[in-house]
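Novice: Listed below are the residues making up each chain.
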Amino acid sequence: MFGRGHFSLGRQSIMKRKKLDGITIFLFLLPALVLFIGILAAPLISSVVNSFYQYKGFGSKTWLGWDNYKRLFDKNQIPFWDSVVHAFILAGFSVFLQLPLALGLALLLGRGIKGERFLLSVNFLPVLISTVVIGQLWLKVFHPEGLVNSLLRVVGYLKEGDKNIQWLGDGQGKLLWACFIPMLWQYVGYHMLLMYAGVKSVPPELREAAKIDGATDWQVDRFVVIPSMKQILKVSVIFAVTGSLKSYDLIRIMATLQTKEASVPSTILMDYMTLRGEYGVASAVAVLLILLCFFFAILISAAFKERD
Amino acid sequence: MKKFLAMLLAIVAVLGLSACGKDDGLTMWCIATKSDSNRHSYEAAIADMEKKYPDTKLNWEAIENETYKQKIKAAVSGNNMPDIFFTWSCAFLGDFVKEDKVYCLDEAYKGFADKLPEKMCKNTTYNGKKYGVPLTMNIVGLFANLDILKEVGYDDVPATYEELIECCNKLVAAGKIPFGCAGKETWCVTEYLESIIEKSIGAKALDDIFMNGATWDNQDVAKAVDIFQEMIKNGYFDPDGISLGNDDVKANFMAGKYAFYMNGTWNCGEFAGKEGFNVKVAEFPVIDSSKAKLGQLIGGPSDTLAVAKSAKDAENTAKYTLELGQLICKYGYLDGCGLPAWTVDYNADSVNALTKSVAEIVAKSDYMVLFGDTAMPADEAGKYLEQVAKVYGGEVDGAGFIAALKAAIR
Numbered sequence: 001m002f003g004r005g006h007f008s009l010g011r012q013s014i015m016k017r018k019k020l021d022g023i024t025i026f027l028f029l030l031p032a033l034v035l036f037i038g039i040l041a042a043p044l045i046s047s048v049v050n051s052f053y054q055y056k057g058f059g060s061k062t063w064l065g066w067d068n069y070k071r072l073f074d075k076n077q078i079p080f081w082d083s084v085v086h087a088f089i090l091a092g093f094s095v096f097l098q099l100p101l102a103l104g105l106a107l108l109l110g111r112g113i114k115g116e117r118f119l120l121s122v123n124f125l126p127v128l129i130s131t132v133v134i135g136q137l138w139l140k141v142f143h144p145e146g147l148v149n150s151l152l153r154v155v156g157y158l159k160e161g162d163k164n165i166q167w168l169g170d171g172q173g174k175l176l177w178a179c180f181i182p183m184l185w186q187y188v189g190y191h192m193l194l195m196y197a198g199v200k201s202v203p204p205e206l207r208e209a210a211k212i213d214g215a216t217d218w219q220v221d222r223f224v225v226i227p228s229m230k231q232i233l234k235v236s237v238i239f240a241v242t243g244s245l246k247s248y249d250l251i252r253i254m255a256t257l258q259t260k261e262a263s264v265p266s267t268i269l270m271d272y273m274t275l276r277g278e279y280g281v282a283s284a285v286a287v288l289l290i291l292l293c294f295f296f297a298i299l300i301s302a303a304f305k306e307r308d
Numbered sequence: 001m002k003k004f005l006a007m008l009l010a011i012v013a014v015l016g017l018s019a020c021g022k023d024d025g026l027t028m029w030c031i032a033t034k035s036d037s038n039r040h041s042y043e044a045a046i047a048d049m050e051k052k053y054p055d056t057k058l059n060w061e062a063i064e065n066e067t068y069k070q071k072i073k074a075a076v077s078g079n080n081m082p083d084i085f086f087t088w089s090c091a092f093l094g095d096f097v098k099e100d101k102v103y104c105l106d107e108a109y110k111g112f113a114d115k116l117p118e119k120m121c122k123n124t125t126y127n128g129k130k131y132g133v134p135l136t137m138n139i140v141g142l143f144a145n146l147d148i149l150k151e152v153g154y155d156d157v158p159a160t161y162e163e164l165i166e167c168c169n170k171l172v173a174a175g176k177i178p179f180g181c182a183g184k185e186t187w188c189v190t191e192y193l194e195s196i197i198e199k200s201i202g203a204k205a206l207d208d209i210f211m212n213g214a215t216w217d218n219q220d221v222a223k224a225v226d227i228f229q230e231m232i233k234n235g236y237f238d239p240d241g242i243s244l245g246n247d248d249v250k251a252n253f254m255a256g257k258y259a260f261y262m263n264g265t266w267n268c269g270e271f272a273g274k275e276g277f278n279v280k281v282a283e284f285p286v287i288d289s290s291k292a293k294l295g296q297l298i299g300g301p302s303d304t305l306a307v308a309k310s311a312k313d314a315e316n317t318a319k320y321t322l323e324l325g326q327l328i329c330k331y332g333y334l335d336g337c338g339l340p341a342w343t344v345d346y347n348a349d350s351v352n353a354l355t356k357s358v359a360e361i362v363a364k365s366d367y368m369v370l371f372g373d374t375a376m377p378a379d380e381a382g383k384y385l386e387q388v389a390k391v392y393g394g395e396v397d398g399a400g401f402i403a404a405l406k407a408a409i410r
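Protein chains in written order, with this note's numbering: chain A, 1 to 308; chain B, 1 to 410.
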């Protein structure tokens with residue numbers, strides 16, 4: 001009897017301790033949980049719910065079912081898919097132009113060339129400058145009487161009497177490139193810094209061993225450094241793609257919210273939310289944007305896993 | 001000691017929070033940020049009110065235009081409105097009135113009826129009840145650089161449409177650009193297009209389309225749009241305008257690059273203040289005299305103050321708001337930011353000559369059609385602006401414009 005009682009008391013005490021541990025864990029997790037629910041989950045759920053309603057941002061809501069989504073898929077109503085295509089083009093240029101450039105710079109600087117610190121700072125500088133300032137700067141560059149057209153006149157591409165090229169809005173898509181060029185330029189330094197950290201984390205012994213085996217600088221980079229920084233490359237690709245899908249600030253400064261030439265999902269979202277007061281449509285754009293970002297993040301992770 | 005400190009911090013935090021909710025005068029939100037031309041009129045009016053009512057403290061906050069639209073809507077949604085708030089007339093305020101969030105000013109208005117003409121409250125009257133305090137009002141004016149006109153033989157702004165076209169042809173032949181219009185900001189295009197439509201189809205017909213549900217399927221509107229596009233094709237507009245914002249275009253006009261600039265009369269103060277700038281403001285001439293006439297203008301009172309239904313002591317707040325609105329209007333007029341919606345019962349000799357000439361145009365007018373994007377509900381205004389941008393970019397003609405708006409709006 002004593003034995004059974006003792007066993008039962010011991011079990012009770014373990015149960016009690018487990019319960020206490022559970023409460024402690026819960027209490028420690030609570031602040032993070034509250035923040036997660038309050039800042040991420042609740043707005044997300046609210047966006048999903050609003051996307052099925054006609055809603056002005058206040059007052060009563062009218063149930064619409066999938067109508068807001070159908071409008072997004074109807075090109076004649078809302079140029080949402082054009083904006084997604086624009087974001088994909090930007091993502092493509094980010095991955096195939098911006099990242100290789102950043103990687104090249106990171107590898108070059110990682111070799112410990114002269115003026116490494118200075119060049120690192122110079123390349124990172126655009127990231128530190130406010131996007132508003134960068135936008136204003138490039139507006140001057142692409143202004144009808146700005147730097148680009150002046151250069152074209154100097155080299156003779158534009159002759160006297162020729163009209164200025166309207167880089168900031170001719171209805172033919174030039175505005176899209178005028179917005180993308182500064183976006184790609186601004187974030188080269190950001191990715192370069194990430195990759196530079198990766199290059200520097202490669203143990204010097206590995207480099208030295210390869211060198212002793214007769215590898216050239218390029219071969220060291222190709223077969224030793226780049227494979228060691230796969231995780232950083234993955235992060236950079238995810239940032240570049242999701243960042244392109246979410247792009248907004250520079251386009252907002254260089255174009256307008258109602259731009260069609262350079263529209264991206266976020267400009268459509270803000271146009272419908274702030275100017276047109278159609279929160280339902282804006283919420284539907286937000287939901288699709290989140291799904292697209294998740295999809296590509298998972299896809300890129302899977303692609304890198306496959307290679308591993 | 002630790003427990004004592006923790007207690008002390010908790011007490012301070014609780015006291016701090018309770019102070020946030022303390023009843024401390026009236027609250028007001030507006031869009032007169034530090035860079036806004038109306039900022040001074042708000043500051044001067046509030047200073048006068050604080051002197052007159054030292055016991056009533058007004059805590060006011062100015063928020064940038066686009067952010068403000070979201071903020072006020074969120075406040076209406078969350079029943080967290082300030083006591084007094086800035087709003088645009090017609091559809092914008094109308095939505096809040098529909099939700100029963102705005103205090104009716106009928107009772108308070110009785111004490112101000114002799115200073116605020118009934119017709120100035122038209123755009124903020126819903127179901128026969130007044131809900132808004134109009135501030136300054138503006139119209140679209142045809143600003144002309146007289147020095148440039150002189151170069152092609154004109155001493156004054158052409159008075160008829162035929163003369164205006166002849167003048168534009170002479171300007172183009174002389175290598176001058178007649179008009180500047182900011183294509184990057186569609187509202188600037190509407191300043192031209194709406195004036196041309198109004199002077200082609202008449203003010204009543206345009207007002208009916210904007211405000212009273214008349215169809216866009218109107219061949220006269222299509223013809224007016226074609227006239228506008230013909231002017232663009234004939235080289236009357238700066239080709240660079242399509243990629244310029246209003247600040248650039250205005251600066252070009254002030255620098256003598258264009259002969260004419262159609263825009264709001266809120267620019268009068270700035271133009272009049274520029275030394276040596278020989279500028280005059282006029283009404284856009286009549287295009288079809290069988291339907292339109294001089295004295296039909298685009299504009300009217302839109303900037304408005306309103307009182308939340310949830311305001312503290314709402315009736316007295318309403319009276320306070322009317323008095324404040326009257327003062328903002330006074331200082332705005334004296335600063336050249338617009339015309340007075342309220343009766344002028346003070347010395348206005350210091351008002352610049354340009355603003356005074358606008359006042360004369362308004363005094364002679366008999367019909368004002370509010371700016372289309374203000375008159376229409378936000379979703380319809382968005383579709384309208386989309387088509388206006390296409391007209392300026394040459395993507396649709398008059399027939400395409402009316403067909404698209406007929407399908408999209410009504």
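Hints are computed from structural coordinates only; laboratory data are not their basis. Here a beta-carbon is modelled for each residue, glycine too, at the ideal position from N, C-alpha and C. There may be inaccurate statements among the hints.
Label pairs and their computed distance ranges (CB to CB) [as the list claims (entries may be wrong)]: (1) A/Gly-92 to B/Ala-403: 32 to 42 Å; (2) A/Asp-74 to B/Val-344: 47 to 57 Å; (3) B/Asp-100 to A/Leu-44: 44 to 54 Å; (4) A/Trp-66 to B/Gly-175: 31 to 41 Å; (5) B/Ala-74 to A/Asp-82: 39 to 49 Å; (6) A/Arg-153 to B/Asp-366: 24 to 34 Å.
No farther apart than 25 Å at their CA atoms in a straight line, the calculated lysine-lysine pairs in the BS3-like style are these [claimed, not checked]: (7) B/Lys-71 to A/Lys-174; (8) B/Lys-71 to A/Lys-61; (9) A/Lys-61 to B/Lys-309; (10) A/Lys-75 to B/Lys-406; (11) A/Lys-61 to B/Lys-101; (12) A/Lys-163 to B/Lys-101; (13) A/Lys-140 to B/Lys-406.
Novice: Could you run down the list of hints and mark each one as holding or not?
Specialist: Structure-based check of each hint:
Taken as a hint, the range 32 to 42 Å holds for the pair A/Gly-92 and B/Ala-403, whose Cβ atoms sit roughly 36 Å apart. A hinted range of 47 to 57 Å for the beta carbons of A/Asp-74 and B/Val-344 is consistent with their spacing of about 52 Å. The given range of 44 to 54 Å is broken by B/Asp-100 and A/Leu-44, whose C-beta atoms sit roughly 31 Å from each other. In this structure the hint that A/Trp-66 and B/Gly-175 lie 31 to 41 Å apart at CB is violated, the actual value being about 57 Å.
Remark: the range hint 39 to 49 Å for B/Ala-74 to A/Asp-82 is contradicted by a beta-carbon distance near 30 Å. Taken as a hint, the range 24 to 34 Å is violated for the pair A/Arg-153 and B/Asp-366, whose Cβ atoms sit roughly 51 Å apart. A distance of roughly 34 Å separates the Cα atoms of B/Lys-71 and A/Lys-174; the hinted pair therefore is violated under the 25 Å criterion. Restraint check for B/Lys-71 and A/Lys-61: satisfied, since their Cα atoms lie roughly 19 Å apart, inside the 25 Å limit.
Taking the CA atoms of A/Lys-61 and B/Lys-309, the gap is about 21 Å. The hint holds against a cut of 25 Å. Between A/Lys-75 and B/Lys-406, the direct Cα distance comes to roughly 18 Å. Compliance with the 25 Å bound is thereby established for this hinted pair. Under the criterion of a C-alpha separation no larger than 25 Å, the hint pairing A/Lys-61 with B/Lys-101 is consistent with the structure, at around 16 Å. Under the criterion of a C-alpha separation no larger than 25 Å, the hint pairing A/Lys-163 with B/Lys-101 is inconsistent with the structure, at around 53 Å.
At roughly 39 Å between alpha-carbon atoms, A/Lys-140 and B/Lys-406 are farther apart than 25 Å, so this suggested pair is violated.
Of the hints listed earlier, those the structure fails to meet are numbers 3, 4, 5, 6, 7, 12, 13, in rising order.
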